[in-house]
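One letter stands for each residue in the lines below.
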Amino acid sequence: MMDNIYMPYLMKIEKVTYEAPGVKTFMLKFVNVEDQNNFSFKAGQFGEYSVYGAGESTFCIASSPTRKGYIECTFRQTGKVTTALSGCEEGSTIGFRGPYGNIFPIDEWKGKNILFIAGGIALPPMRCVIWNTLDLRDNFKDITIIYGARTVKDLVYKHELADWERRRDVKLITTVDPGGESPDWRGEIGFVPTIVEKAAPSSKNTIAVVCGPPVMIKYTFPVLAKLGFADDSIYTTLENRMKCGFGKCGRCNVGKVYVCKDGPVFTLAQLKQLPDEY
Amino acid sequence: MNIDKRLVRKDSLEKLFDILKQNSKTIFAPVSKNGKISFKAADNFSAIVTDFVQTTQSSKDLAFPRTEKILDFSKSKEGISVKPFDYHSIPEMVIWGIRPCDAMGIGELGAIFNWDTRDEIYDSRLSHTTVFAFSCNKADESCFCTSVGGNPGNTEGSDILFTQMGDNGDYLAEILTEKGTAVAALATDLFLKTENQEKEKYLADVPVKFDHKAISVKLEKFFGSEKWVEQSLRCIGCGACAYVCPTCACFDIQDESHGKNGSRVRCWDSCGFSLFTLHTSGHNPREVQSQRWRQRIMHKFSYMPERLSVYGCTGCGRCSRACPVDMNILEHLISIKEVSI
Numbered sequence: 001m002m003d004n005i006y007m008p009y010l011m012k013i014e015k016v017t018y019e020a021p022g023v024k025t026f027m028l029k030f031v032n033v034e035d036q037n038n039f040s041f042k043a044g045q046f047g048e049y050s051v052y053g054a055g056e057s058t059f060c061i062a063s064s065p066t067r068k069g070y071i072e073c074t075f076r077q078t079g080k081v082t083t084a085l086s087g088c089e090e091g092s093t094i095g096f097r098g099p100y101g102n103i104f105p106i107d108e109w110k111g112k113n114i115l116f117i118a119g120g121i122a123l124p125p126m127r128c129v130i131w132n133t134l135d136l137r138d139n140f141k142d143i144t145i146i147y148g149a150r151t152v153k154d155l156v157y158k159h160e161l162a163d164w165e166r167r168r169d170v171k172l173i174t175t176v177d178p179g180g181e182s183p184d185w186r187g188e189i190g191f192v193p194t195i196v197e198k199a200a201p202s203s204k205n206t207i208a209v210v211c212g213p214p215v216m217i218k219y220t221f222p223v224l225a226k227l228g229f230a231d232d233s234i235y236t237t238l239e240n241r242m243k244c245g246f247g248k249c250g251r252c253n254v255g256k257v258y259v260c261k262d263g264p265v266f267t268l269a270q271l272k273q274l275p276d277e278y
Numbered sequence: 279m280n281i282d283k284r285l286v287r288k289d290s291l292e293k294l295f296d297i298l299k300q301n302s303k304t305i306f307a308p309v310s311k312n313g314k315i316s317f318k319a320a321d322n323f324s325a326i327v328t329d330f331v332q333t334t335q336s337s338k339d340l341a342f343p344r345t346e347k348i349l350d351f352s353k354s355k356e357g358i359s360v361k362p363f364d365y366h367s368i369p370e371m372v373i374w375g376i377r378p379c380d381a382m383g384i385g386e387l388g389a390i391f392n393w394d395t396r397d398e399i400y401d402s403r404l405s406h407t408t409v410f411a412f413s414c415n416k417a418d419e420s421c422f423c424t425s426v427g428g429n430p431g432n433t434e435g436s437d438i439l440f441t442q443m444g445d446n447g448d449y450l451a452e453i454l455t456e457k458g459t460a461v462a463a464l465a466t467d468l469f470l471k472t473e474n475q476e477k478e479k480y481l482a483d484v485p486v487k488f489d490h491k492a493i494s495v496k497l498e499k500f501f502g503s504e505k506w507v508e509q510s511l512r513c514i515g516c517g518a519c520a521y522v523c524p525t526c527a528c529f530d531i532q533d534e535s536h537g538k539n540g541s542r543v544r545c546w547d548s549c550g551f552s553l554f555t556l557h558t559s560g561h562n563p564r565e566v567q568s569q570r571w572r573q574r575i576m577h578k579f580s581y582m583p584e585r586l587s588v589y590g591c592t593g594c595g596r597c598s599r600a601c602p603v604d605m606n607i608l609e610h611l612i613s614i615k616e617v618s619i
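Going down the list, the protein sequences come from chains X and V.
Residues in the first sequence are numbered consecutively from 1, following this note's numbering.
Residues in the second sequence are numbered consecutively from 279, following this note's numbering.
Watch out, some of these pointers could steer you wrong.
Said to hold, decoys possible - Per label pair, the in silico range of CB-to-CB distance:
#	chain 1	residue 1	chain 2	residue 2	range
1	X	Lys29	V	Gly313	56 to 66 Å
2	X	Val31	V	Gly560	28 to 38 Å
3	V	Lys311	X	Lys153	55 to 65 Å
Stated by the list, open to error - Below, simulated DSSO-like cross-link-like pairs (lysine-lysine); rule was C-alpha separation at most 30 Å, straight line:
#	chain 1	residue 1	chain 2	residue 2
4	V	Lys347	X	Lys29
5	V	Lys361	X	Lys256
6	X	Lys29	V	Lys499
7	V	Lys361	X	Lys42
8	X	Lys261	V	Lys491
9	X	Lys24	V	Lys496
10	V	Lys353	X	Lys24
11	X	Lys12	V	Lys538
12	V	Lys505	X	Lys272
13	V	Lys347	X	Lys80
14	V	Lys538	X	Lys24
15	X	Lys261	V	Lys499
16	V	Lys361	X	Lys272
17	X	Lys261	V	Lys347
18	V	Lys538	X	Lys29
19	X	Lys68	V	Lys361
20	V	Lys347	X	Lys12
21	V	Lys288	X	Lys272
22	X	Lys256	V	Lys505
23	V	Lys361	X	Lys12
24	V	Lys355	X	Lys24
25	X	Lys29	V	Lys353
26	V	Lys355	X	Lys80
27	X	Lys29	V	Lys361
28	X	Lys256	V	Lys491
29	V	Lys353	X	Lys80
30	X	Lys80	V	Lys361
As the list claims (entries may be wrong) - What the simulated footprint calls covered on chain X by chain V, stretch by stretch (three residues with Cβ under 8 Å from a Cβ of chain V suffice, anywhere in the stretch; the number is not a length):
#	stretch
31	66-72
32	156-167
33	233-246
For the record, the hints were derived by calculation from the structure and aren't laboratory data.
Beta carbons: idealized from backbone N, C-alpha and C, even for Gly.
Model the full structure from these sequences, guided by the hints.
In structure tokens, the structure reads:
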């Protein structure tokens, strides 16, 4: 018998974590053990999360494939579906279908330094690959994370930021926009591109992964170029609106490239080949 | 398979219709209502209209309904139960009286639904469908099938193609597929042997206006052209072109619920709508109508040929006929052909 490709897995919300105003993380477990056993994914892939009665919404899987038995997603309450998701409590059942899309090629990054640069709610799609590299820590050289948000309150994964800060094998730089600091803020103050320039990480043998709002990305790329990063050593993940996840519904394409099939992970070299329509 | 060419007498069509009905086929055929012709389940032969160049709506919605269930869900104290749509329950149907351009569109839609992940809902609906196309003996100024690889007697996508020949109104029936053979076998007496197998002289004359392959080559370097703005200035983004198109497949997925029960549905959408690509942040990659018009043309004449090896246009001309502000796709394609880059 053929399978219905639009049919989600049933997922139980195992744990809800409040991250920031309007932002929550769900830890999800497969209701059917068989589904869990057959499921695998890689860093960078995404899925369609649904509340029955409200619809589906697209996010990257925020947990690492090295952590088995569950997946996590982090979302900000914004529209109809995320509002319905936000109203779900621990123990309730939601839908998930995936994984879709391509991956961060971390196997090719062995022996290199990794520089993560994220802004605001774009840390979740990067958290997957951060934990994936940290769980395989010996495979990589220096790991640096530069993360910024508008205000201290808006920083997500505060416990994990504290964890990364304590680790001796991770260099973490956090920043908030000017005016977004609190009296006890010990991190940097300034926009992400400025802080990257100030930190001046070496581009030698280094892969940069950049994820954030379009304006942050726009001003970060030139800084990286100045630091000597080649276009094919800079990675990002595009987040176009999508419905199906497998190249049929017609809305995520940038030129002839489907973000859901050919992406969401692209190098800057690949982005430069695309028309300016993302 | 070899094409089996047969003669079907003009007055045999009604008999064929009745035999199909007796074999519990649902027959969808062009029916006129309020001056618009669309494909409806026809209970009797006399309801079918034949005197038209093109139906107002394409037959697309029979294989790709405008709103289609994906799954049903119900909530109770015990939790949620979810049932996938049972595509085995789709009834056997015959699409009767579509034009060769619509029949060609079935394959183009199929390319979108199956280019990578197979969409078994579409495939299953199609596997339950037999296509009876009727060649065109007339055309109008919006028709341009011959410019996009089709022609008024094109057999592509049909199971049986009927061409009316000569003054007595008899038909040449070309039985093209196993499905066509199976249906014809229900009424073998009506499919007669014939020597007269040349249909060309009875077909409408549709002059070639451009070469679609040349358009594709040009479009590769045409993304930044100012032509898109010029062509789309009057476009109001109503999406009528997508809704009448036999190959437009863009869709949305939405939930409809009534109390504790509901369905997830796939429903038609259009790249012409301003909300189509709008991000929740407010960012919109296709912010203005010219970008959306460009997407429509590029998708059909550049992205689809490159990625799916088919064109997304059959030259049926419906979008030009339906457009409330007289955007004519044929004129626009010709002007793209003529502009030098």
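Hints violated by the structure (numbers, ascending): 5, 6, 9, 16, 21, 31 and 32
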